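Chains as they are written, first to last, in the numbering used here: chain A, 595 to 715; chain B, 595 to 715.
To be clear, the hints were calculated from the coordinates, so they are not data collected in a lab. Mixed in with the good hints there might be a few duds.
Which copy? The list can't say, so a pair holds if one copy fits it or any two copies do.
Said to hold, decoys possible - Here are the computed lysine-lysine pairs in the DSBU-like style, where the Cα-Cα straight-line distance is at most 35 Å:
| # | residue 1 | residue 2 |
| --- | --- | --- |
| 1 | K688 | K698 |
| 2 | K645 | K698 |
| 3 | K688 | K637 |
All of these numbers come straight from a predicted model, not from anything done at the bench.
Number of protein chains: 2
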Amino acid sequence: MMKYFIILALVLSLKATAQKHMVRLAKLEIDSAQLESYQSFLKEEIETSVKVEAGVLTLYAVFEKKHPTKVTILEIYSDTAAYQSHIQTPHFLKYKNGTANMVKSLELVETIPLIPEMKIK
Amino acid sequence: MMKYFIILALVLSLKATAQKHMVRLAKLEIDSAQLESYQSFLKEEIETSVKVEAGVLTLYAVFEKKHPTKVTILEIYSDTAAYQSHIQTPHFLKYKNGTANMVKSLELVETIPLIPEMKIK
Numbered sequence: 595m596m597k598y599f600i601i602l603a604l605v606l607s608l609k610a611t612a613q614k615h616m617v618r619l620a621k622l623e624i625d626s627a628q629l630e631s632y633q634s635f636l637k638e639e640i641e642t643s644v645k646v647e648a649g650v651l652t653l654y655a656v657f658e659k660k661h662p663t664k665v666t667i668l669e670i671y672s673d674t675a676a677y678q679s680h681i682q683t684p685h686f687l688k689y690k691n692g693t694a695n696m697v698k699s700l701e702l703v704e705t706i707p708l709i710p711e712m713k714i715k
Numbered sequence: 595m596m597k598y599f600i601i602l603a604l605v606l607s608l609k610a611t612a613q614k615h616m617v618r619l620a621k622l623e624i625d626s627a628q629l630e631s632y633q634s635f636l637k638e639e640i641e642t643s644v645k646v647e648a649g650v651l652t653l654y655a656v657f658e659k660k661h662p663t664k665v666t667i668l669e670i671y672s673d674t675a676a677y678q679s680h681i682q683t684p685h686f687l688k689y690k691n692g693t694a695n696m697v698k699s700l701e702l703v704e705t706i707p708l709i710p711e712m713k714i715k
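Just chain A, same shape as in the assembly:
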């Protein structure tokens, strides 16, 4: 009987963890003349963040085939504290300052994931 309570507690705690996640879509438009340079900044920033920050669960960036200057980034942080910490890291600030004049527009869309525990195989 105790076993089931422990399993139930684990499941509920997993669920609570998953629902704390901060999940966002960042939609950007980049100056076409500086696209390659922008991609290089973004790639370095993402690779460093995912590697060194436990709370950055993914930064999955895609460029539209028909409009390559349009980028969407699926951002998943373990919680808002992880995000607040992320935007103060040197690698994020290097990206943010280095690309400031390349970004023509930025829209941040807060979202709710349908299945918070979803992964990429």
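With chain A held as given, fit chain B onto it using these hints.
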């Protein structure tokens, strides 16, 4: 020396595999009166696809907090063959037919991932 050639061949083959991936954003708007029912159809379809289809690498669906009828799905298939197979499965057809009158608009945006091997931790 041979060892390095084997490692190089493995790295190149991994890179080729990653670049074959089909990565797409599906953007939908759902009839607000049928949102709960739509979410239930979508959840079942995603969970089944990711579980039984090796070539469906993720279907990460998010609903916008400010406009909950707006859904974006990051779809990653191992290649276009995996996608073609996916849309013929009974679980996909159940979702597609079951939600046909709930979907007000659907836009499919083909994309190129910045870092094809990116995962969700």
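Hints and how they fare:
| no. | hint | result |
| --- | --- | --- |
| 1 | K688 x K698 | within (18 Å within a copy, 41 Å between copies) |
| 2 | K645 x K698 | within (28 Å within a copy, 40 Å between copies) |
| 3 | K688 x K637 | within (12 Å within a copy, 39 Å between copies) |
Violated hints are absent here; each numbered hint is respected by the structure.
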